[in-house]
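The primary structure of each chain is shown beneath.
2 protein chains.
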Amino acid sequence: MKNRVLEMLQSAEGYISGEAISGKLGISRNAVWKHINKLRSEGYGIESVTNRGYRLNSSPDIISAEKIQENMNTEFIGRKIVYMEETDSTNNAAKAAADMPDGTLFISEIQTSGKGRLGRAWESPKGIGIWMSLLLKPEILPQDVAQITLVVGMAAAKGIGCGAKIKWPNDVVIGTKKVCGILTEMSAEIERVNYVVTGIGINVNTEAFDGELSEKATSLYIETGKKCERCGIIRAFLENFEALYKKFLRGGIAALAEDYRELCITIGKEVSVIYPNRTINGKAVDINNEGELIVETETGTVTVGSGEVSIRGIYGYV
Amino acid sequence: MKNRVLEMLQSAEGYISGEAISGKLGISRNAVWKHINKLRSEGYGIESVTNRGYRLNSSPDIISAEKIQENMNTEFIGRKIVYMEETDSTNNAAKAAADMPDGTLFISEIQTSGKGRLGRAWESPKGIGIWMSLLLKPEILPQDVAQITLVVGMAAAKGIGCGAKIKWPNDVVIGTKKVCGILTEMSAEIERVNYVVTGIGINVNTEAFDGELSEKATSLYIETGKKCERCGIIRAFLENFEALYKKFLRGGIAALAEDYRELCITIGKEVSVIYPNRTINGKAVDINNEGELIVETETGTVTVGSGEVSIRGIYGYV
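Chains Z and H supply the protein sequences, listed in that same order. All letters in the first sequence, in the order written, are residues 214 to 531 by this note's numbering. All letters in the second sequence, in the order written, are residues 214 to 531 by this note's numbering.
Any given hint could turn out to be false.
Lysine-lysine pairs mimicking BS3-like chemistry, simulated, CA-CA at most 25 Å apart [claimed, not checked]:
# : chain 1 : residue 1 : chain 2 : residue 2
1 : Z       : K496      : Z       : K482
2 : Z       : K460      : Z       : K371
3 : Z       : K350      : H       : K339
4 : Z       : K350      : Z       : K293
5 : H       : K350      : Z       : K308
6 : Z       : K339      : Z       : K390
7 : H       : K293      : H       : K247
8 : Z       : K440      : Z       : K251
9 : Z       : K308      : H       : K308
From the derived model, a few chain H residues whose C-beta atoms are all more than 10 Å from chain Z [stated by the list, open to error]:
#  : residue
10 : S271
11 : D301
12 : G520
13 : S523
Computed, partial: chain Z to chain H, Cβ under 10 Å [what the hints assert, rightly or not]:
#  : residue
14 : K308
15 : R330
16 : L331
17 : A334
18 : T362
19 : P382
20 : L396
21 : E398
22 : I403
23 : R405
24 : N407
Don't read these hints as lab results, they were simulated from the structure. It should be emphasised that the depicted structure is a prediction, and the values quoted were computed from it without experimental measurement. For each residue, glycine too, the CB sits at the ideal point set by N, CA and C.
I would like the entire structure built from these sequences, with the hints used as guidance.
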């Protein structure tokens with residue numbers, strides 16, 4: 214019934230009286246008033262003026278499968294969408310439903326225990342971010358799954374826009390702060406991938422970050438001063454991802470290397486590669502066909518497949 | 214009640230009458246007779262003689278956690294055992310319970326859809342084989358999980374005995390036929406393994422294999438002419454595995470290489486490495502520290518990380 218009240222507000226030109234709504238829907242004026250209040254609590258801006266009635270001034274930024282898929286130009290990525298009001302983590306939801314089709318998107322308004330890499334937590338508050346996971350079924354070897362994370366990072370940077378760049382391998386930053394994190398997991402045999410789940414968290418309309426986080430994290434709202442519509446960003450990500458992913462499946466990272474170099478802020482910079490037991494300093498010069506970072510040090514060239522890489526001399530996340 | 218009938222048979226010296234059982238357990242003679250028949254259908258050899266009663270002559274080869282752990286000398290491998298009468302696949306059961314402790318063993322009398330590598334089926338009939346999976350939580354990188362499969366193969370060959378050897382990487386053969394197959398799966402992030410599940414299938418008391426399979430598969434019974442007690446083999450596997458696995462976690466494959474070379478029939482042989490789109494012929498000369506097979510060909514040395522490797526000139530599985 215609440216949705217029918219909303220529909221009447223949406224289709225009204227200007228004001229519509231409480232009487233008109235109650236008459237049309239066969240409910241009491243008091244019930245109309247309760248539904249209006251519920252809608253307001255969900256973020257709808259509804260004005261009420263004595264003797265004129267109600268008017269819908271603004272709608273909250275709501276995520277729905279329909280809205281994401283509106284005019285979406287993909288073949289299999291995001292053609293199936295599992296939307297959840299709340300879940301522990303969209304990666305967990307995707308892993309639990311791994312029999313769904315290649316390219317299925319899992320998205321939730323809230324993650325109650327969103328995950329970052331290596332067991333770290335990822336804050337996922339309601340209404341202001343994009344917390345989603347893609348289920349993929351590539352016919353590649355487990356050791357090549359790391360390459361997919363580069364493709365996801367590229368698609369996220371392109372989908373986000375606003376000058377977003379990639380910090381190798383796949384964190385997305387604006388300036389020196391992180392706007393998007395990616396956590397890729399897989400289920401695999403030794404010679405075969407069962408499935409890959411790649412989780413993407415994008416800070417969209419966050420107004421501010423607290424304490425230490427404010428030095429490392431940013432949002433599209435903080436960077437642009439404008440509230441963004443999340444479904445548009447999701448759609449842009451899915452479209453970009455499918456185009457890049459198809460190229461990758463045909464030609465590997467080599468087919469995307471030029472694009473990646475342009476988006477990657479790490480290449481060309483002095484970096485520190487931090488391993489559990491030592492740190493390597495050098496200059497990142499390129500990525501190779503496996504997506505590994507090539508670092509030139511005083512004692513020779515090192516290929517970095519994983520590990521924390523920080524860009525020296527820049528304050529912030531990168 | 215059936216188990217109490219069994220207990221009375223087990224504790225009787227010689228024959229025990231149906232009246233004695235029915236009196237002691239407070240059930241009818243007809244009920245005793247039904248339980249006896251049920252026990253016979255489960256493989257118990259129960260003799261019945263008029264005027265003397267029942268006598269237990271033989272017990273079936275039953276698997277139980279208690280029997281496996283009897284005098285077992287391990288610290289964490291197989292200290293927790295999940296026994297199932299029937300499951301689809303013990304690997305699936307382990308993956309679904311991946312929050313259980315490192316070293317938990319999942320074992321089932323029957324697998325209704327046992328899995329081999331690359332989606333192949335694995336026959337897992339009741340009572341005559343060992344169908345089990347180990348849950349492991351090593352702190353290693355996903356690309357190093359393949360090395361664990363070598364350790365599992367070594368432990369299986371040692372646990373099975375009877376001259377069992379390894380066909381690289383981890384099939385266990387007696388002569389030219391396969392007696393044990395291993396399917397290792399993992400859940401992982403790019404830089405971290407969540408867990409590894411390694412499934413081990415051993416043909417123990419199979420009396421014969423049908424058709425084509427008879428040329429490729431064997432069982433301990435076929436090789437030795439004797440029925441084997443499965444719990445002893447499982448225990449020997451677990452003990453061998455823990456010792457080898459601890460060495461591996463400390464020193465990698467290098468720490469086990471000498472042992473592996475002795476067990477591996479592939480090394481020193483002319484082999485064909487079969488890839489989806491080509492075949493490489495050469496001589497397998499060793500394994501390296503990543504557990505990969507080193508093959509010398511006419512045009513140079515090749516390192517083989519995965520793929521089907523067959524030993525040339527030998528008929529059968531290998």
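Against the structure, the hints come out as follows:
1. For the proposed pair K496(Z) and K482(Z), the alpha carbon gap of about 6 Å is at most 25 Å, so the pair holds.
2. For the suggested pair K460(Z) and K371(Z), the alpha carbons sit about 15 Å apart, so the restraint of at most 25 Å is met.
3. About 34 Å separates the Cα atoms of K350(Z) and K339(H), which puts this hinted pair outside 25 Å; it is violated.
4. Note on K350(Z) and K293(Z): the hinted pairing holds, with a Cα-Cα distance of about 14 Å set against a maximum of 25 Å.
5. Straight-line distance between C-alpha atoms of K350(H) and K308(Z) comes to about 18 Å, which keeps the hinted pair within the 25 Å bound.
6. In summary, the hint linking K339(Z) to K390(Z) is supported, as the alpha carbons are separated by about 21 Å, within the 25 Å threshold.
7. For the hint linking K293(H) to K247(H), the alpha-carbon distance of about 35 Å lies beyond 25 Å, and the restraint is violated.
8. In summary, the hint linking K440(Z) to K251(Z) is supported, as the alpha carbons are separated by about 23 Å, within the 25 Å threshold.
9. Between K308(Z) and K308(H) the CA atoms are separated by roughly 11 Å; this keeps the pair inside 25 Å, and the hint holds.
10. Non-interface call for S271(H) relative to chain Z: holds, since the shortest CB-CB distance, roughly 40 Å, exceeds 10 Å.
11. With a minimum CB-CB distance of about 13 Å to chain Z, D301(H) clears the 10 Å threshold, and the non-interface call stands.
12. A beta-carbon of chain Z is positioned within 10 Å of the beta-carbon of G520(H); the least distance is around 8 Å.
13. The non-interface label for S523(H) is consistent with chain Z: the shortest C-beta to C-beta separation is roughly 16 Å, beyond 10 Å.
14. The restraint placing K308(Z) at the interface with chain H holds, with a minimum CB-CB distance near 8 Å, inside the 10 Å limit.
15. Hint status for R330(Z): holds, given a least beta-carbon distance of 6 Å to chain H, under 10 Å.
16. Hint status for L331(Z): holds, given a least beta-carbon distance of 6 Å to chain H, under 10 Å.
17. For A334(Z), the interface hint is violated, the least distance from its beta-carbon to any beta-carbon of chain H being 15 Å, above 10 Å.
18. The beta carbon of T362(Z) comes within 6 Å of a beta carbon in chain H, closer than 10 Å, and the hint placing it at the interface holds.
19. Because the smallest distance between the Cβ of P382(Z) and any Cβ of chain H comes to about 8 Å, under 10 Å, the interface hint for this residue holds.
20. Interface restraint check: L396(Z) against chain H, minimum CB-CB distance 7 Å, threshold 10 Å, status holds.
21. This hint holds: E398(Z) has a C-beta 5 Å from the nearest C-beta of chain H, less than the 10 Å allowed.
22. Below 10 Å, beta-carbon pairs count as interface contacts, and I403(Z) has one with chain H at about 5 Å; its hint therefore holds.
23. For R405(Z), the interface hint holds, the least distance from its beta-carbon to any beta-carbon of chain H being 6 Å, beneath 10 Å.
24. Interface hint status for N407(Z): upheld, as the beta-carbon distance to the closest one in chain H is roughly 7 Å, under 10 Å.
In this structure, the hints that do not hold are numbers 3, 7, 12 and 17, in rising order.
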